[in-house]
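Trainee: Single-letter residue listing:
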Amino acid sequence: MKQRELLIRKAIDALSGKFSDDDYSKVYVRDAIYSLNALKELNMSASEYAQRYSQKISSAMDLKMADDTDAGTWFDKVGNSVD
Amino acid sequence: MAPKKLVPALLTGLLGLSIAACSDPSVEKDAIPTPAPSSEPGSSNGVPQVSRPLDASSFLEDPCKLVDNQTLSAFGEFEEGEPDVDSNHAQKLIGPTCVWYGKQDVGRAVSVIIDTPHQKYAQPHLRGLAGVYASKESGSLDYLQAVEIDSHPGYPAVIAGNRKDMEEGNRCVVYVGIADDLTIKTSLDGGRDPEEACQVAQKVAAAVLDTLKQAN
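As they're listed, the protein sequences go chains P and Z.
Each residue of the first sequence is one higher than the last, beginning at 1 in my numbering.
Each residue of the second sequence is one higher than the last, beginning at 1 in my numbering.
No wet-lab data here; the hints were simulated from the structure.
There could be a bad hint or two in this list.
[What the hints assert, rightly or not] Derived DEER-like restraints, expressed as beta-carbon distance ranges:
| id | chain 1 | residue 1 | chain 2 | residue 2 | range |
| --- | --- | --- | --- | --- | --- |
| 1 | P | Asp68 | Z | Ser87 | 45 to 55 Å |
| 2 | P | Glu48 | Z | Ala74 | 29 to 39 Å |
| 3 | Z | Ala74 | P | Lys2 | 14 to 24 Å |
| 4 | Z | Asp86 | P | Lys56 | 15 to 25 Å |
| 5 | Z | Gly46 | P | Tyr34 | 37 to 47 Å |
| 6 | Z | Ser58 | P | Lys26 | 28 to 38 Å |
| 7 | Z | Glu168 | P | Ser54 | 37 to 47 Å |
| 8 | Z | Arg163 | P | Arg30 | 17 to 27 Å |
| 9 | P | Asp23 | Z | Arg52 | 48 to 58 Å |
| 10 | P | Lys56 | Z | Ala215 | 51 to 61 Å |
| 11 | Z | Ser87 | P | Met44 | 15 to 25 Å |
| 12 | P | Lys56 | Z | Ser58 | 22 to 32 Å |
[Claimed, not checked] Computed list of lysine-lysine pairs in DSS-like fashion (alpha-carbon distance at most 27 Å, straight line):
| id | chain 1 | residue 1 | chain 2 | residue 2 |
| --- | --- | --- | --- | --- |
| 13 | Z | Lys120 | P | Lys26 |
| 14 | P | Lys2 | Z | Lys213 |
| 15 | Z | Lys120 | P | Lys56 |
| 16 | P | Lys26 | Z | Lys65 |
| 17 | P | Lys40 | Z | Lys213 |
| 18 | P | Lys56 | Z | Lys65 |
No residue lacks a Cβ here, since even glycine has one placed at the ideal position from N, Cα and C.
Between the sequences and the hints, there should be enough to build the whole structure, so can you do that?
Mentor: Given below as structure tokens:
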């Protein structure tokens, strides 16, 4: 993700040097930079969402493992009491 | 350059990505780094000129050769340089590039770019550093500071960008004129702060000029 962000920054840098004096090109470059910035924000937002989602899955896995461990411990006790 | 030529070039470059002043040099008063302002042996409309152009054509296929590992090791531990010379965006928009990512932190990255697309597609009077000065004058860049690269006073250079990006990314881009119509950009992203980033970018620029002078 950091590499993608860097690539977008380089594209914006590439458009930072003026190419042409005509208004059409100016507007086009301005819009392109705007789009690239929007893409950068979208990527960062998606990355944050994926990280949060990954943490939730990880937490759920930990909880499930703890439940299973507790259940296993309980069954062991029951088994021992029968013996 | 005719606008007809610029638009397809930019479109092509941007499509590749979407998958995922000519007057006063406007030296900034406040600042990111403050080395001595560039001496200007000659200037055209306020844009410093290059008296002895350097030929970078032998590095277009591997810009990573422009900076040696010993130079980079002074700024941290970096992976081997990753060249990008054949991709659509390298050919049409950004230019042949080499990036060295930090070993501990991939967000800390040194880059060198030979800005051939701007040389090819910009109007003749806007090529090279003139395009950067013109962007500052038109307001599309809000920061431009002329700097002198150590041991290379004949090659004009500027730190340019937008303050917000520089501060948010702790980054700095140095534009070095190696010919009147061609610049090489050196940068550090993910520095400790913009000041450190600019110091590193200027030292990398000095290493690039050392290499180019030896090759010319």
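Trainee: If a hint holds in the structure, say so; if it does not, say that too.
Mentor: Right, here's what the structure says about each hint:
1. Distance hint for Asp68 of chain P and Ser87 of chain Z: a CB-CB separation of about 48 Å, consistent with the stated range 45 to 55 Å.
2. At roughly 34 Å, the beta-carbon separation of Glu48 of chain P and Ala74 of chain Z lies within the given 29 to 39 Å, and the hint holds.
3. A hinted range of 14 to 24 Å holds for the C-beta pair Ala74 of chain Z and Lys2 of chain P, which are about 22 Å apart.
4. As the Cβ distance of Asp86 of chain Z to Lys56 of chain P is approximately 40 Å, the hint placing it in 15 to 25 Å is violated.
5. Range check, Gly46 of chain Z to Tyr34 of chain P: about 29 Å between beta-carbon atoms, so the 37 to 47 Å window is missed.
6. Taking 28 to 38 Å as the suggested C-beta distance range, the pair Ser58 of chain Z and Lys26 of chain P conforms, at roughly 35 Å.
7. With their beta carbons about 25 Å apart, Glu168 of chain Z and Ser54 of chain P fall outside the hinted range of 37 to 47 Å.
8. A hinted range of 17 to 27 Å holds for the C-beta pair Arg163 of chain Z and Arg30 of chain P, which are about 18 Å apart.
9. Separated by about 37 Å at the C-beta atoms, Asp23 of chain P and Arg52 of chain Z break the suggested range of 48 to 58 Å.
10. About 54 Å separates the C-beta atoms of Lys56 of chain P and Ala215 of chain Z, a value consistent with the hinted range of 51 to 61 Å.
11. For the pair Ser87 of chain Z and Met44 of chain P, the supplied restraint of 15 to 25 Å holds, since their beta-carbon distance comes to about 22 Å.
12. A beta carbon spacing of about 52 Å between Lys56 of chain P and Ser58 of chain Z contradicts the range 22 to 32 Å that was offered as a hint.
13. Between Lys120 of chain Z and Lys26 of chain P the CA atoms are separated by roughly 17 Å; this keeps the pair inside 27 Å, and the hint holds.
14. With a C-alpha separation of about 33 Å, the suggested pair Lys2 of chain P and Lys213 of chain Z falls outside the 27 Å cut-off, and the hint is violated.
15. For the proposed pair Lys120 of chain Z and Lys56 of chain P, the alpha carbon gap of about 50 Å is over 27 Å, so the pair is violated.
16. For the suggested pair Lys26 of chain P and Lys65 of chain Z, the alpha carbons sit about 35 Å apart, so the restraint of at most 27 Å is broken.
17. Using a Cα cut-off of 27 Å, the hinted pair Lys40 of chain P and Lys213 of chain Z is violated, with the two alpha carbons roughly 37 Å apart.
18. Taken as a hint, the Lys56 of chain P and Lys65 of chain Z pair is broken in the structure, with Cα atoms around 45 Å apart against an allowance of 27 Å.
The structure is inconsistent with the numbered hints 4, 5, 7, 9, 12, 14, 15, 16, 17 and 18, although it conforms to all the rest.
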